[in-house]
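In terms of our numbering, the sequence shown opens at residue 8 and continues consecutively.
It is worth saying that the hints were derived from the structure and are not from the lab. A portion of the hints provided could be inaccurate.
Unchecked claim - Taking lysine to aspartate or glutamate pairs in the EDC-like style, the calculated list, with each CA pair at most 20 Å apart, reads: (1) K39 to D73; (2) K12 to D73; (3) K68 to D80.
Stated by the list, open to error - Here are the in silico distance ranges between beta carbons for each label pair: (4) K39 to P65: 21 to 31 Å; (5) L21 to F45: 36 to 46 Å; (6) T75 to R11: 24 to 34 Å; (7) F45 to L22: 33 to 43 Å; (8) I88 to F17: 38 to 48 Å; (9) Y70 to K39: 18 to 28 Å.
Quick caveat: nothing in here was measured; it's all calculated off a predicted structure. Think of the CB as a built atom: it goes at the ideal place given N, C-alpha and C, for glycine as much as any other residue.
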Amino acid sequence: MFRRKINKLFLILLLALAVSSCMPGSESMREKSPAGFFMGVWHGWIAPVSLVVGIFNPAIKIYEPDNTGWWYDFGFYIAIISGFGGISLSRKKKK
Numbered sequence: 008m009f010r011r012k013i014n015k016l017f018l019i020l021l022l023a024l025a026v027s028s029c030m031p032g033s034e035s036m037r038e039k040s041p042a043g044f045f046m047g048v049w050h051g052w053i054a055p056v057s058l059v060v061g062i063f064n065p066a067i068k069i070y071e072p073d074n075t076g077w078w079y080d081f082g083f084y085i086a087i088i089s090g091f092g093g094i095s096l097s098r099k100k101k102k
């Protein structure tokens, strides 16, 4: 039982480290090429985490300013809509 709790805590910490390592707007992780569609999807999925981290670290933004334009926006908004239940809310409810 104790080992299971330790493994769960380790997994949560590892996941938090992985998510925080690629936040949008971080100057230290500036890429040579602008963020595209898939980075837009990723940034949309981690937007709630970016919002909380951005409160404590003003260098972290929710939206990557150095992007490719329309394709980044499309990926970002698709992830935001699907991540917050937009697609699931459009289905009919079972009674």
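Here's how the hints hold up against the structure:
1. Pair hint K39 plus D73 holds up; C-alpha atoms about 10 Å apart against a cutoff of 20 Å.
2. Restraint check for K12 and D73: the C-alpha separation of about 40 Å exceeds 20 Å, so the hint is violated.
3. At most 20 Å may separate the alpha-carbon atoms for a hinted pair to count; K68 and D80 meet this at roughly 15 Å.
4. Restraint check, K39 to P65: a C-beta distance of roughly 24 Å satisfies the suggested window 21 to 31 Å.
5. Under the hint 36 to 46 Å, the C-beta atoms of L21 and F45, about 22 Å apart, miss the expected range.
6. At roughly 44 Å, the beta carbons of T75 and R11 sit outside the given window of 24 to 34 Å.
7. Range check, F45 to L22: Cβ separation about 19 Å, and the 33 to 43 Å hint is violated.
8. At roughly 32 Å, the beta carbons of I88 and F17 sit outside the given window of 38 to 48 Å.
9. As the Cβ distance of Y70 to K39 is approximately 20 Å, the hint placing it in 18 to 28 Å holds.
Consistency with the previously given hints fails for numbers 2, 5, 6, 7 and 8, ordered from lowest to highest.
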